[in-house]
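Residue numbers (the working numbering), protein chains in the order written: chain A, 1 to 744; chain B, 745 to 952.
Everything labelled a hint here was simulated from the structure, so no lab data went into it. Hints may be right or wrong, so weigh each one.
As the list claims (entries may be wrong) - Each computed DSS-like pair below joins lysine-lysine, with the alpha-carbon atoms no more than 25 Å apart:
#1 Lys-139(A) / Lys-59(A)
#2 Lys-540(A) / Lys-820(B)
#3 Lys-815(B) / Lys-59(A)
Unchecked claim - Output of the computed footprint for chain A on chain B, the stretches with three or more beta carbons under 8 Å from beta carbons of chain A:
#4 804 to 816
#5 887 to 895
#6 917 to 927
Glycine included, each C-beta is placed from N, C-alpha and C at the ideal position.
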Amino acid sequence: MNIGVFQAFQPSNDEIDVRFQWELNQFRQIHNQLFAWILPIQWIACIILAAIVSPLNWKGDVSTLHPHLLATIFLGGLVSLYPVYLAKKHSRDASTRYAVAIAQMLMSGLLVHLCGGRIEAHFHIFASLALLAFYRDNKLLWFSAAVIAADHLVRGIFWPRSVFGVDEALPVLRALEHLAWVSLEVIALSFSNRRSHREMQGIVSRQIVLENTETVLEHQVANRTRELRESEQKARKRFDNAPIGMYHCDSAGKLLSVNPAMANLLGYKSGDEMLEEVETLDQIQCRESTTTESWLEAVLENRGYRHRDSQWRHRNGTAIPIRESTKVMPAKDGNRQEIEGIVEDLTELRELEERYLHSGKVQAIGQLTTGIAHDFNTFLTSIVGFSDLIIECPDTPESIRDRVKDIHTSAGRATRLTSQLLAFSKKQTFQPEAFQLPASVENMKGLLQHLVGDSIAIQLKTPESAEAVYADPLQIEQVILNLAANARDAMPEGGEITIEIGETTLSEGFMSYCGEATPGTYVSMSVSDTGGGITEEVRKQIFDPFFTTKGTSGTGLGLATSIGIIKQSGGHITLDSESQNGCTFRVYLPTSENHSLKVRPTGLCSDTETNCQSPSNSVRRILFAEDEMMARKLGVLALSSLGYQVVEAANGADALEKFLTQKDDGKFELVITDIMMPVMDGMELAERISGISPDTPIIYTSGYTNEAIASTDELKEGHHFLQKPYPIKLLGSKITEALNLSVA
Amino acid sequence: MKTHFQREGRFSRLSAFRPLFVWGLLCLSGFTLLANYVNTPGPQTLPDESVTGDPASTDGGAQVFMFIHPKCPCSKASLTELQEVVQRASGHIGELRFYVTVSDPESSGNWREEGLIRQLQSWGGNSSVYFDSDGETARRYGALTSGHVVAFDANGEQIFTGGITGSRGHRGDNRGRRELVSALTDHQDRSASSLVFGCQIQSFEEAL
Numbered sequence: 001m002n003i004g005v006f007q008a009f010q011p012s013n014d015e016i017d018v019r020f021q022w023e024l025n026q027f028r029q030i031h032n033q034l035f036a037w038i039l040p041i042q043w044i045a046c047i048i049l050a051a052i053v054s055p056l057n058w059k060g061d062v063s064t065l066h067p068h069l070l071a072t073i074f075l076g077g078l079v080s081l082y083p084v085y086l087a088k089k090h091s092r093d094a095s096t097r098y099a100v101a102i103a104q105m106l107m108s109g110l111l112v113h114l115c116g117g118r119i120e121a122h123f124h125i126f127a128s129l130a131l132l133a134f135y136r137d138n139k140l141l142w143f144s145a146a147v148i149a150a151d152h153l154v155r156g157i158f159w160p161r162s163v164f165g166v167d168e169a170l171p172v173l174r175a176l177e178h179l180a181w182v183s184l185e186v187i188a189l190s191f192s193n194r195r196s197h198r199e200m201q202g203i204v205s206r207q208i209v210l211e212n213t214e215t216v217l218e219h220q221v222a223n224r225t226r227e228l229r230e231s232e233q234k235a236r237k238r239f240d241n242a243p244i245g246m247y248h249c250d251s252a253g254k255l256l257s258v259n260p261a262m263a264n265l266l267g268y269k270s271g272d273e274m275l276e277e278v279e280t281l282d283q284i285q286c287r288e289s290t291t292t293e294s295w296l297e298a299v300l301e302n303r304g305y306r307h308r309d310s311q312w313r314h315r316n317g318t319a320i321p322i323r324e325s326t327k328v329m330p331a332k333d334g335n336r337q338e339i340e341g342i343v344e345d346l347t348e349l350r351e352l353e354e355r356y357l358h359s360g361k362v363q364a365i366g367q368l369t370t371g372i373a374h375d376f377n378t379f380l381t382s383i384v385g386f387s388d389l390i391i392e393c394p395d396t397p398e399s400i401r402d403r404v405k406d407i408h409t410s411a412g413r414a415t416r417l418t419s420q421l422l423a424f425s426k427k428q429t430f431q432p433e434a435f436q437l438p439a440s441v442e443n444m445k446g447l448l449q450h451l452v453g454d455s456i457a458i459q460l461k462t463p464e465s466a467e468a469v470y471a472d473p474l475q476i477e478q479v480i481l482n483l484a485a486n487a488r489d490a491m492p493e494g495g496e497i498t499i500e501i502g503e504t505t506l507s508e509g510f511m512s513y514c515g516e517a518t519p520g521t522y523v524s525m526s527v528s529d530t531g532g533g534i535t536e537e538v539r540k541q542i543f544d545p546f547f548t549t550k551g552t553s554g555t556g557l558g559l560a561t562s563i564g565i566i567k568q569s570g571g572h573i574t575l576d577s578e579s580q581n582g583c584t585f586r587v588y589l590p591t592s593e594n595h596s597l598k599v600r601p602t603g604l605c606s607d608t609e610t611n612c613q614s615p616s617n618s619v620r621r622i623l624f625a626e627d628e629m630m631a632r633k634l635g636v637l638a639l640s641s642l643g644y645q646v647v648e649a650a651n652g653a654d655a656l657e658k659f660l661t662q663k664d665d666g667k668f669e670l671v672i673t674d675i676m677m678p679v680m681d682g683m684e685l686a687e688r689i690s691g692i693s694p695d696t697p698i699i700y701t702s703g704y705t706n707e708a709i710a711s712t713d714e715l716k717e718g719h720h721f722l723q724k725p726y727p728i729k730l731l732g733s734k735i736t737e738a739l740n741l742s743v744a
Numbered sequence: 745m746k747t748h749f750q751r752e753g754r755f756s757r758l759s760a761f762r763p764l765f766v767w768g769l770l771c772l773s774g775f776t777l778l779a780n781y782v783n784t785p786g787p788q789t790l791p792d793e794s795v796t797g798d799p800a801s802t803d804g805g806a807q808v809f810m811f812i813h814p815k816c817p818c819s820k821a822s823l824t825e826l827q828e829v830v831q832r833a834s835g836h837i838g839e840l841r842f843y844v845t846v847s848d849p850e851s852s853g854n855w856r857e858e859g860l861i862r863q864l865q866s867w868g869g870n871s872s873v874y875f876d877s878d879g880e881t882a883r884r885y886g887a888l889t890s891g892h893v894v895a896f897d898a899n900g901e902q903i904f905t906g907g908i909t910g911s912r913g914h915r916g917d918n919r920g921r922r923e924l925v926s927a928l929t930d931h932q933d934r935s936a937s938s939l940v941f942g943c944q945i946q947s948f949e950e951a952l
């Protein structure tokens, strides 16, 4: 506290005066109490004196109490006791002080009288004035002087011997002489009083400053105390309500407090319950982690936070992965050290990490398989195309045709395999439409029964009507077949497969669990078997690509493909299984209400249709862009065999140049382009050509679509897609479709 | 602040004055009564006409008789004053007699042991102490109050009768003492007198 602050608390004169008068009054009240003792003592002393000097009055041999003794007892009592009463009962009143002064002076007068006016007795007057000066009241002193003056004058005139001890010829002058001495003392005492008043005022002023300062300090201390208490309450509240675990322990690891989150993390209902069972950190530490002792030593050496990932033991014995952040802090008593720990449950994080790693692994496999599938499709396009040409060639010997048919068949199987790979990696071209899933499943019942064999019964629980789903129906059929085949393999001894379809609303909680889709109404399809169920170990890997429990007879792509198709459709798949109790796959597919229904074009050739007649092709001129030489060669041969005039290009840029430079030779009525090409890809080529000639139809071909064309929905009007490898008939029908639509 | 540090009630309770005034009045009355008492002389009466001094035993000096009640506390002041008189009238007093009244010799034997009597007996000089049974002598000399002094000149004529203190038990210069000294030293023709302050040697009724 500096001087300036003290000055800020300087009291006003009024404040000092009020306080000074109060202090003076307190002081005077104390002296009232002092005189409440002095007056009776004087009275008793006078009685003793009278009893010694003149106890009895005699008339012959008859004695009575001496009038002096009686006067001392009764008159002295009268003089003394009333002020004593006032001092006890009305000490605050100024009148009490004046009554005391009168009494004290009368006691002096009585003593002088009893002593026969002896000059020594007059000293009592001066002593009385000195005692009365304790009141620090000059008016009182002068009043006292007036009382004794009256006494001296009256008695001096009428009974001079009682006051002067002798018969005085000039009693007034004698009395005035006495009073002069009394006045001298009063003057001296008055000066002393004035000085003491000034000193008291100074003391009062300083006291007020100190009290004001003390008041401010007390206020500040009270505020700080309240803030500290609130802060402690907040800290306690934060501690109790923290969503993560918190604890305090001493330097030896003895737990002092535990918040509810930490108690719940370890399976206890409350912190108190946990502290009843667990005394030290060591008791909840899994042995494989760093020892608590060495950890605490490291924490105590470091002033900041220290972190470690560890494992704690749940009340039920299981290990819980946690991240512990600890810091040394002073204990409340300030002498010891405590350790505050913050504990995060890493269980979910670890699961996410596992899912992330798994996802990365699947993505890597997907990229690998996609690349392989692309190249395979390109090669298969040549194999399938050339085998088609050989088979269709009338000059081909029959024995050669049969062997080429075998090649064609094998190429078809390879095509399906690459199709599965692309489906798993979600790179298959998606051709969605709205369709009734129950109807599709009902239509597949025969096929499914044939697939699973007679030892397994198939039970369908399909509603009469349901919301249409929006997906690629062929791919969904593939999913159903895969799930049915898996169910069949899980029941080698036979059993029952139940396919049930319904509608369900998936909540945000479920979506967050699944991670990718939006909440809403879905059509659900469950495929249940009565087999031996799936173990937890298998369950963790069951959707992984190339994971199979069927030994060499399985590809490990069935479920991986299914999950790829479903996710590409915007749906989900879950698995419920308990060991020995069969399992149920549940597929959730989005309804069509959020999609503009696209009805598959009717009246046009389907992929498998081959009977579409091409218009007269003699005048049709096609620009064919393909970077893979064999595929390009096959395309040229195939298109030529179909009667089209073909201009080939090795990449997009080459094709664009030829489209621009050779248009004078005749209009290109169709452009067929591979999507993935060097220099300029098919998408850019199509964009440029559409800019030049918007009416020119374009057919994209690709072993996979990558991100370029995820769905045929995304294709512009007049643009078409043909998945590699494609049979020549399919190529012809797609060209016909494109040209017919263009004409239309 | 103002509520806590209030000024004292400066005669705020007027009702407090009433008892104060009554008290003061009572005190004043008490002092007045006391003053009246101490200034009220004791009784005295005329001496017998046959009473005179005894010049034969005075060796030409005056005779001074003091009548004392042995238990009268006021008579100590009278003795003090008499000592002053003896000093001032040195050479004029031929004989000093103290008549100590004892009313009943059988029952008041212990009075002879009073400190006042021992003081008188040790006075010395030409003084003597007489025990005045039943105050007979005192009554003859007209002394009814302790401290009464009667003085006779060398011819046996009474020159002073009365007290030599100004009031009861009060020492100091007073008219009685001055009259006695004057009577002893100035050989006046007339007999002086003064009031006597002290205990009664015997009741006034008995004396009469």
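Which numbered hints fail: 1, 2 and 5
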